[in-house]
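Required output: the full structure, derived from the provided sequences and hints.
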Amino acid sequence: MAYRDYKSCWSAIYLLISVFVFSALGSLAHAQAAQFVTFTAGDSGSSSTSITYLNGVQSGDLIVLFSHWDNHAITATASDSAGNIYVPISGPVSVGTAGRFQAWYAKNVQGGNLEFKITYSGQTTTISLLDAAEYAGL
Numbered sequence: 001m002a003y004r005d006y007k008s009c010w011s012a013i014y015l016l017i018s019v020f021v022f023s024a025l026g027s028l029a030h031a032q033a034a035q036f037v038t039f040t041a042g043d044s045g046s047s048s049t050s051i052t053y054l055n056g057v058q059s060g061d062l063i064v065l066f067s068h069w070d071n072h073a074i075t076a077t078a079s080d081s082a083g084n085i086y087v088p089i090s091g092p093v094s095v096g097t098a099g100r101f102q103a104w105y106a107k108n109v110q111g112g113n114l115e116f117k118i119t120y121s122g123q124t125t126t127i128s129l130l131d132a133a134e135y136a137g138l
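Position one of the sequence shown corresponds to residue 1 (our numbering), numbered consecutively onward.
Just so you know, the hints here were simulated from the structure itself, not pulled from any lab data. Beta carbons are placed, not taken as given, at the ideal position from N, Cα and C, and that holds for glycine. Just to be clear, a hint being listed does not mean it is correct.
To be verified - Label-pair ranges, simulated between beta-carbon atoms:
1) Leu54 <-> Gly91: 28 to 36 Å
2) Ser59 <-> Ser94: 33 to 41 Å
3) Ala136 <-> Ser47: 17 to 25 Å
4) Gly96 <-> Gly137: 33 to 41 Å
5) Glu115 <-> Ala73: 38 to 46 Å
6) Ser44 <-> Gln110: 23 to 31 Å
7) Ser59 <-> Ala98: 31 to 39 Å
8) Ala136 <-> His72: 33 to 41 Å
9) Val93 <-> Thr52: 22 to 30 Å
10) Gly91 <-> Ser46: 34 to 42 Å
Claimed, not checked - Pairs of lysine to aspartate or glutamate, EDC-like flavour, derived with a Cα cap of 20 Å:
11) Lys107 <-> Asp61
12) Lys117 <-> Asp70
13) Lys107 <-> Asp70
See below:
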């Protein structure tokens, strides 16, 4: 499967991540009232990747960050320009010979035009993807 083919799976991935996050937060009963607000993505090979959401994140919402990179030897951390605290949903998951995935969440965020950033502990080879999803109503 080509790398670009993975992007057609993001909706299913977000759904699975969301169910896991809502379960971990004890809010699965409220998840049906939540609205998926937006997602955005960036792509490059580097030691960090970032994206800015200019439509404005609403204060109090839940943000889920998802990263895919191509170096099993490195780890990643998540942050944003408002200083919200991102909690890893799990450790990095290795897939295939080089792929690695990880997701983080921040609840009750301070909003605004946020820049989301993933910082890697080393250099990715060609892939450093970041997706951000905002959920309202939790």
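A quick look at each hint next to the structure:
1. Checked against the given bound of 28 to 36 Å, the beta carbons of Leu54 and Gly91, roughly 31 Å apart, stay inside it.
2. Look at Ser59 against Ser94: about 35 Å separates their beta carbons, and that is inside 33 to 41 Å.
3. In this structure the supplied range 17 to 25 Å is violated for Ala136 paired with Ser47, their Cβ-Cβ distance being about 32 Å.
4. Judged by the Cβ atoms, the range 33 to 41 Å given for Gly96 and Gly137 holds: they are separated by roughly 36 Å.
5. Judged by the Cβ atoms, the range 38 to 46 Å given for Glu115 and Ala73 is violated: they are separated by roughly 26 Å.
6. The supplied range of 23 to 31 Å is met by Ser44 and Gln110, whose beta-carbon atoms lie about 27 Å from each other.
7. A hinted range of 31 to 39 Å for the beta carbons of Ser59 and Ala98 is consistent with their spacing of about 38 Å.
8. A hinted range of 33 to 41 Å for the beta carbons of Ala136 and His72 is consistent with their spacing of about 35 Å.
9. Roughly 27 Å separates the CB atoms of Val93 and Thr52, a value that falls within the hinted 22 to 30 Å.
10. Taking the beta carbon of each, Gly91 and Ser46 are about 22 Å apart, not inside 34 to 42 Å as hinted.
11. Under the criterion of a C-alpha separation no larger than 20 Å, the hint pairing Lys107 with Asp61 is consistent with the structure, at around 6 Å.
12. Using a Cα cut-off of 20 Å, the hinted pair Lys117 and Asp70 holds, with the two alpha carbons roughly 17 Å apart.
13. For the suggested pair Lys107 and Asp70, the alpha carbons sit about 28 Å apart, so the restraint of at most 20 Å is broken.
Consistency with the previously given hints fails for numbers 3, 5, 10 and 13, ordered from lowest to highest.
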